[in-house]
Amino acid sequence: MTWALTSPRFRKVMAGTAVLSLILVIGAATLYRAFPARAALVADLSDHLIAITTGFSGASVLLFGATEQPGDIVVIVRGPSKPVLMHRKSRVAGIWINTASMTIENVPGFYAVASSRPLEDVASESIRRRHQMGVEYLPIAPPLTKASANIAEQWKAGLIRSQQRSGLFPNATGRVNFLGQRLFRTRLELPANVPTGTYRVEVFHLREGRVVGAQTTPLSVSKVGLEAEVFDFAQNRAALYGLFAILVALVAGWIGHVVFRKG
Amino acid sequence: MQVYLPIAELSVDAFLLLGLGGVIGFLSGLFGVGGGFLMTPMLIFIGVPPVVAVATQANNVIASSVSGVFAHWRRGNVDFKMGWVLLGGGFAGSTVGVGLFSLLRSLGQIDLVINLCYVIFLGTIGALMMIEGTRAMMRRRRKAAPRKLHQHSWIHGLPLKTRFRKSRLYISALVPLAIGFGVGVLSAIMGVGGGFILVPAMIYLLGMPTAMVIGTSLFQIIFVAANVTFLQAAQNQTVDVVLAMLLLVGSVVGAQIGTRIGSRLQGDWLRLLLGILVVAVCSKLFVDLFTPPVDIYSLGVPL
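If you read the protein sequences in the order shown, they are chains D and W. Everything in the first sequence is counted per this note's numbering, starting at 611 for the first residue and increasing by one. Everything in the second sequence is counted per this note's numbering, starting at 938 for the first residue and increasing by one.
Just so you know, nobody snuck in bad clues.
Okay, the calculated beta carbon distance ranges per label pair:
1) D:Arg847 x W:Gly1036: 25 to 31 Å
2) D:Thr663 x W:Arg1102: 53 to 59 Å
3) W:Tyr1107 x D:Ser667: 55 to 61 Å
4) D:Ala838 x W:Ile983: 20 to 26 Å
5) W:Ile983 x D:Arg792: 43 to 49 Å
6) W:Trp1010 x D:Pro690: 49 to 55 Å
7) D:Lys692 x W:Lys1098: 55 to 61 Å
8) W:Ser1109 x D:Arg771: 52 to 58 Å
9) D:Arg792 x W:Lys1221: 57 to 63 Å
A few chain D residues that don't get close to chain W, going by computed Cβ distances all over 12 Å:
10) Leu655
11) Leu659
12) Arg740
13) Glu746
14) Gly784
15) Gln791
16) Arg810
17) Glu812
These are calculated hints, taken from the structure and not from any lab test. Keep in mind that this is a model prediction, so the values were computed, not measured. Backbone N, C-alpha and C fix where the C-beta goes; we use that ideal spot for every residue, glycine too.
Bound conformation, chain D alone:
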């Protein structure tokens, strides 16, 4: 079957193609304006691996970068996510006991934000919500199938408080400092109890409340040397590790006795 160039079918297809092309062009133009082809934002970390050694007591990583145009910078550091079990206590006959529990999925093991100006001044609420800038925008409330909206919010607030108490969701927003108009730097502080795994460091460049550039950099936190060996031993040869632990204790007890008998 052949189509005549003037057939209504052909004209319909041509019109459709034209509309589609127009959408693509407008879309591309919008994207170009949002993320110009030449990298408007470059950022990197002073270190991509945080090694947990015997003397580890937290770490500090320098994040630095440059933008083509002036604007604001927001940095979000996020640790590996995992499900978390939570309890809620209430008073029963004068005694405080756990009366409800809830499993919350995908809770980041660490979450910190740094910004060049207060977050409220940098971006509107909808932008902050979309990019999860601020602990209140993390999607860590229990699903609505398990709790009504305001109860879910209470669980979420309780989870955030408990993560803040252990230092894993630092309360304060960190500072991003500009050196002149283009260069910026900030320090990412990780406490000693950070979970191991791959972290995601997101850098957002904002102008007039809009995100005009973004970059994501991985950061790895892992045990090395003796720490890693002990951990692997405990995980992979659990029974042998148990016997080893017992042997160490027996020998230590005996040595203590011998030393003191002579002393």
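Please build the complex by placing chain W on the supplied structure of chain D, with the hints as guidance.
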């Protein structure tokens, strides 16, 4: 000096752990208790996850008990025969206890049961020891006639009579077997070695001399703690050897000092002091049950 603990996954001051181990070891050598009922809450307090705290303190108890047993053995204060019988009952009891623990956990109230067990048993035992210790001391002050070695009751009518020469006892082997069993059940539920229950039981129910009780209790605790350490390491991977090593250096030294001081103290004094210690821990737990928590929301044991 900060040291990172590979299993507990946090960094703590090494000297704090040495000191903590020392204090617990001292009490262990002095009273013949494993010290788990003090060590576990202390470790949790400094931020060690509860599952790691329970498992690792058991490992530390082995060291302090071995150290203490050698010291008591040299003074002839370990009744091995009695120790083995108690241990037999203890292993059977802890097997039943582990099953009971799983049942309670499936019912969702294991925390409450553990706390209530602590309060009830610690409170009762501690109060009784304080009262008895004080009475015994007052009696000696007045230089009254010494009381009989032990009272005769229906217990002495049971079969399987055995002579425990070291403890100067001639009783049915069923009695220490039953005590070992009961302590085994409780220690599995409460996650402790059971020394603070076993010691008073041996003193008051069996009528053993206080000095002999301490050495014998430590002897049987070695095996219970080794069993717990092995099971926790093999099943849950929760024993932190770095934490255990720091604690046990302090414990071993502390246990030796405790044993020395204990051998110079009268049995009545020891019972009174242990009573006070047990009541103090119990009061803290009792108050905690009624105190509003810092936050009604808390993180549970990680899945």
